[in-house]
Amino acid sequence: MSEYLGQVRAIVWKDLILEFRTRERVAAMGAFAVLAAVLFNYAIDRTAVRPQTIASGLIWMTIVFGGLLGIGRTFHLEHEDGALQGVLMTSAPKDAIFLGKTLANFLLLYLVAIIVVAVFTLFFGLDLGPRLDLLAAVIALGALGFVALGTLFSAVSSGTRMGETLLPILVFPLLLPMVVYGTQATGRILAARPAAEVTANLRMLTAFALVAMATGAGLFRYVVEE
Amino acid sequence: MSTAPSAAPAAPPRTAEAVLEAVDIVRVFGAVVAVGGIDLALSEGSFLTIFGPNGAGKTSLLRVLAGGLRPTRGEVRIRGKKLDFGDGEWRRRIGVLSHQGFLYGHLTVEENLRFYGTLFGLTDLSERVPMRLEEVGLADRAAFEVRQLSHGMRQRVALARALLHDPDVVLLDEPYTGLDPYAAAVLRNVLVALKDGRRTVVMVTHNLTEGLNLADRVAIQVAGRIAWEGTRSELVVDSFERFYHRVVEEAP
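In order, the protein sequences belong to chains R and F. Sequence positions in the first sequence follow our numbering and run 67 to 292. Sequence positions in the second sequence follow our numbering and run 9 to 260.
Keep in mind the hints are simulated off the structure, nothing from the lab. One thing to keep in mind: the hints can contain errors.
Unchecked claim - Looking from chain R toward chain F, a few residues come up when the C-beta cut is under 10 Å (computed):
(1) E69
(2) Q73
(3) L143
(4) A149
(5) P159
To be verified - SDA-like cross-link-like pairs, simulated, lysine to any residue; straight-line CA separation at most 20 Å:
(6) F:K90 - R:E291
(7) R:K160 - F:G129
(8) R:K160 - F:S51
Backbone N, C-alpha and C fix where the C-beta goes; we use that ideal spot for every residue, glycine too.
Chain F extracted, bound-state conformation (with noise of 0.2 Å):
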């Protein structure tokens, strides 16, 4: 960055054709805000990545952009449509990646997808799991149960599951945790595959690098709230690391 951006938040972007929005996003466990009044508008092809430290609520964010969990307040829409947070096809359109594989252990890989799948209402699993698995390098893994991979495997396995319906938002929390080097280049070369422009896809990472090279918006969060955001263009890799601990200990 020639100039160090202000470290004050800054609006997201409102546009009419936005895929994903968040608006005003609260939620709060007992006593505790998670979130505490996020909004986001990401248009089609954008891919954001959320830094922020332990505790700031970007698991719960991405739940519950995810549709996994109900916010206290606010709403999120699809492509305008709000989620009621019920049953729906917009489901078919979220792929997520949590730091939990959402994976049967006893289950093989094969399995596991197939089942996946279904629930999905897919029809083509013979074709498509397949494709997905050659996509994580994990062909040849197909019929070993997911206990018998190791954590890196079953991350690509559960990055398979979570692009296997080919959605059009993708969640990613924390996806680089324990990766081996290897295993993170391939999760890299996927990562890559989706910035097609048809897909939208939202990060959380502490993995400042990566999640700055992936990344066209960059939002902090903290405590529950957006803290900076803006596009990946007024960044630099190299003083990224600084700024970023500056937003962390001047947000409010």
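With the rest of the complex left out, here is chain R (with noise of 0.2 Å):
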């Protein structure tokens, strides 16, 4: 087990090396964070809308396109040099490649969330209130599910020639439970209401969550398989 987890950690550490020395995935995603929360600013009519009850569903498709930049490229510089292929030819089982590459683009991701829930709090001046911390779980197991589809499906497409087309066409079907339960979710957080209004959501996403690990790591074996 601790050979196993040495392995997840591994493949975790090397992939936010790699990213902290290119900066190839954040800068990406954050800038598209930034730009889409001004853009959002100033495209809403505030004499019609208030953007505050808007906000939740404009922060989870910020955090989806933003995310699809990062995450389509997760096996960009694996193909450089053959990597991918030198690491799939290790002892390392594949269900931790999988795992080690979906917890640091989830860690990626959950850092790009941060940013974009600040910049839309600056901008829509949202209150986070005092259920910051039900907030961080809803965006963290939203994210978590995201990526592990992500992650599987950027396997799929990095090895086609239309990949960064493919990607969104894959994955954005299977994201419908997380966008509503994460924008059900974080709406009633930001209008205040009570904790217990969250409970089921979060369970939605919990199961969601989980159910995206576990196909992605059953099924990952056979996407990179040749």
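Mind assembling these two chains? They're in different frames, but the hints should get you there.
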């Protein structure tokens, strides 16, 4: 078990070091998030709608679109010099490789999600109130399910010529539960509704994350095998 | 060679103690048959060099032997145990040096080796990594990012990576490609050291001289099949090139 965890940790560490040195993905995702928030800010007629009432949907759509920019490049550096092939020929189990890459993507996406929420809070005058912990949990669970599916389908699309176009087509339909329950939960938290009203959404997001992780871990070996 | 060996394909010697066996390996890509039914049986300590023209399917064969490519038909055995091409301890027995280095350009030399070592479950990396770098003459480059190194140095790092986990079976795909004479000499020294009687090596190369000097068995692969196989003692360097061309031209 400790060897398995060491292998997962090695993949996470390697992906984070590579990101720290190349800044390929977080920079693109972060810049997209800030620009999207700025554009949404000017696109809304504040005399017709209250920004706070639609902020939750915009936050999640920004996370999804921005996230795909980065997750779509999960295997980009792996293909340089055939590194992915080398990793697959080690004795590390394929699910450990998947888990490592998913966790690294999760950390990067969570960082971007924090930036998204901070920027929307600033532009839309949101009051995150006393339920910041609940909001953190909602975003974490949604992001976990998102990156699990995103990592799996990024492996599918990375080997194809139309990879970056293919990824959203494959992933968007599967993200519906995350968008629906994440948006509902975030809207209720921003409206300062009682925590009990968010519990059902949290359960659904937990189920979504678990199913996405299990599916990804189970199917990854078939996706990367030639 | 005192008398020219026959250009007819020879059946591989089958021994009970074969470390690496390939049985009727076929690999098809769409309509292209890359490997068309190859049998190999290598005992402990043997060094097989496979020559062949471009497109002969040598790399595909090596990838199948390495467990990186599932064959369309046939099976690979290591010490009699059939590979299932999934995860497993058997992967620790195989080291692969491809013409791609499998290295991350933005990681340092040491970070690359530590990363691969951890994936192989090695725990003595603090001693093992410097030792391997010393063997390939790159101890002073441990802190360099791989992208800062020349092709020859990268190939030596890749060799250190391939041997890091001390595999029983070493598979080398065109290791001499693009190397300067110094890097080629370093590689030759490391490969000679591999002939310690306990490792089984398969090398694919176009470099006839280096390939012959290291081998104790030689095969010539043409159009996905072994067109000739024999022992090194049947051949001499001076006339091998002519013999090689004859085998390639006469192969069906």
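Going down the list of hints, with the structure as the test:
no. : hint            : verdict
1   : E69             : 5 Å, holds
2   : Q73             : 5 Å, holds
3   : L143            : 7 Å, holds
4   : A149            : 5 Å, holds
5   : P159            : 4 Å, holds
6   : F:K90 - R:E291  : 18 Å, holds
7   : R:K160 - F:G129 : 14 Å, holds
8   : R:K160 - F:S51  : 30 Å, violated
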